[in-house]
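Student: Given chain A's structure and the hints, the job is docking chain B onto it.
Going line by line, the protein sequences match chains A and B.
Going by this note's numbering, the first residue of the first sequence is number 1, and it counts up by one from there.
Going by this note's numbering, the first residue of the second sequence is number 1001, and it counts up by one from there.
Note that these hints are calculated values from the structure, not bench results.
Check before you lean on any hint, since a few could be wrong.
To be verified - Once the Cα atoms are required to be at most 27 Å apart in a straight line, the calculated DSS-like pairs of lysine-lysine come out as:
| # | chain 1 | residue 1 | chain 2 | residue 2 |
| --- | --- | --- | --- | --- |
| 1 | A | K128 | A | K185 |
| 2 | B | K1163 | A | K88 |
| 3 | A | K128 | B | K1034 |
| 4 | B | K1034 | B | K1077 |
| 5 | A | K66 | A | K88 |
| 6 | A | K66 | B | K1077 |
| 7 | B | K1077 | A | K133 |
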Amino acid sequence: MDKSVENLATAVAPITDGATVMIGGFGSSGVPLGLIDALFEQGANGLTVISNNAGAAEVGIARLIKAGRVAKVICSYPRTPGSIWFEKRFEAGEIALEIVPQGTLAERIRAAGAGLGGFLTPTAYGTKLAEGKETRVIDGRGYVLEAPLPADFAIIRAECGDRWGNLRFHATARNFNPVMAMAAKNTIAEVRVLSEAALPPETVVTPGIFVQSVVEYGERP
Amino acid sequence: MKAMGLNALDDAQLAARVAQDIPDGAYVNLGIGKPTHVSGYVPEGREVIYHSENGILGLGPTPPLGEEDPELIDASKRFVTAAPGAAYFEHSDSFAMMRGGHIDIAVLGAYQVAENGDLANWATLDETFPPAVGGAMDLVVGVPSIFVMMRHVNRDGSPKILKECTYPLTGLGVVNRVYTDLAVLDVTGDGFRLVELTDGNSLEAVQAVTEARILT
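For reference, chain B alone in the conformation it holds in the complex:
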């Protein structure tokens, strides 16, 4: 649900906005969920190599119905294809690429982001709900540019962009940039700095639904 009275990008528009910042020649890991849609919007003429932690570099488009290979999937467990120039490898090599600083950009979803760059995206405070970390903690320590892509506020209107995270952390001080339906914010040494507002939104209105201070 979008924040009341604000102009909000839909999921496709948000994916397209993130895609603008994926440069030609980049090695990119797209997290499960919303981030997987970013690859569909990268401007033509840019060759981007997508990594999936289950052992493929060079993800191609979704195969036509009936032509799926059940043993060729991405980290979201969707059927994929291998693009020209692709490679397969085993898991410890895959995570060497991630932890070892070889992947340039990771785009991840989040529950919460704090003004010091802390990220919470793997567990909630509900103890009966099994936590599931996957490769998120490895990505955030190894990939130089961590982009978070998420709704600006929770369904109940509570803020996700905080002074301090209240959920268990995925990584400390790891987020570089946050893309939401309402704004784009950079994480700096001084806190969140405004990059842009979604058309039609005032800084005051966006600040009102953001717990952390937004610098300009």
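So here's chain A without its partners, still in its complex pose:
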């Protein structure tokens, strides 16, 4: 088995127009910038992006949004300092937005990866973000029924990977990357170091079964 691919362009080649794409990262940490730039060059359009943030300045997700390639963003926090392109597109009505509380976003992604039909969470009960959703009261406490959130692709970032697709992460660059790897039909991992040797099993955070391809991208933001 060898999941490693030659270069970033080959890695993102399968992503099609209209695809739903999870993009790992939180703020500027753990964002697969190499894969996002390759996706920009590749040209796929009308994307639905699932990510915690909507990018900042002119890099990463913001670069895709600036170029009008993103039809919809599903995220918890689109408004970070410097998220000018998202704000411009939003004000102009050129991009759809689904706001999901951050823990619900992570758990909906996990549910999709874990084969669950959804879950009940107290988060957002009684608020605008629960409007139209099924609710239940259990032992006197209100819960909202949340649906799994799958994706066609996940593009993620890890510190180190091997040809089996096993990954380990660095510091807070882990964030959404492991859970997104579980939830997409096709997970593409950018790794700072592609190890010739197998990663020691005790250090593997994301087991290779969740990863379809691995590509080395040595730069760290």
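Tutor: Using the frame of chain A, we list chain B on its own:
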């Protein structure tokens, strides 16, 4: 802007006041903005473990210039360090800590707090301004002690401590205590109860800039 004619704590003094109530051994999540400054004022001798929802328990001090790790940040996206005893984890584990009742205290900013403990801190009524909820809704349902830290009134002098919130809610009946530049108030079954006034302020003067009734 402080309310006219009242003694108001500045941001550093307010952070120091909140820090007095963070006990030794607590697991604490500090919200983005003003609450992040609380950790700088916790009295010496108390070991407090700070959680940041992007996947670290045990936040250490800000790194020296030039020694930042771009992949080691907190929820405010500032460069941080890992304290001895720290751990990294992925997002669904991080929110299990928050929703699952494992974090003891969260300190959050707010637009509005109501006398029944309702909190509004994620969206305004301006539809062109994109809302951004982040982890606030998860924190307020899972963390047993929710402290709000904010100015007592808005820049235009209008009240933030209300009978009912007018902005979209973050959580219902979730706030335990409110720290402002003018006073500290507990949320009780009967409404807001005065804990203390900033030195030099009378209850009448603070009540005059507070929509909800303050019980004593």
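Student: Each hint: holds or not?
Tutor: Cross-check of the supplied hints:
1. A/K128 with A/K185: The given pair, whose Cα atoms are some 31 Å apart, is violated under the 27 Å limit.
2. B/K1163 with A/K88: violated (36 Å)
3. A/K128 with B/K1034: holds (26 Å)
4. B/K1034 with B/K1077: holds (14 Å)
5. A/K66 with A/K88: holds (9 Å)
6. A/K66 with B/K1077: Roughly 22 Å between the alpha carbons, so the hint for A/K66 and B/K1077 holds.
7. B/K1077 with A/K133: Distance ~32 Å between B/K1077 and A/K133 Cα, so the pair is violated.
In summary, the numbered hints that this structure violates are 1, 2 and 7.
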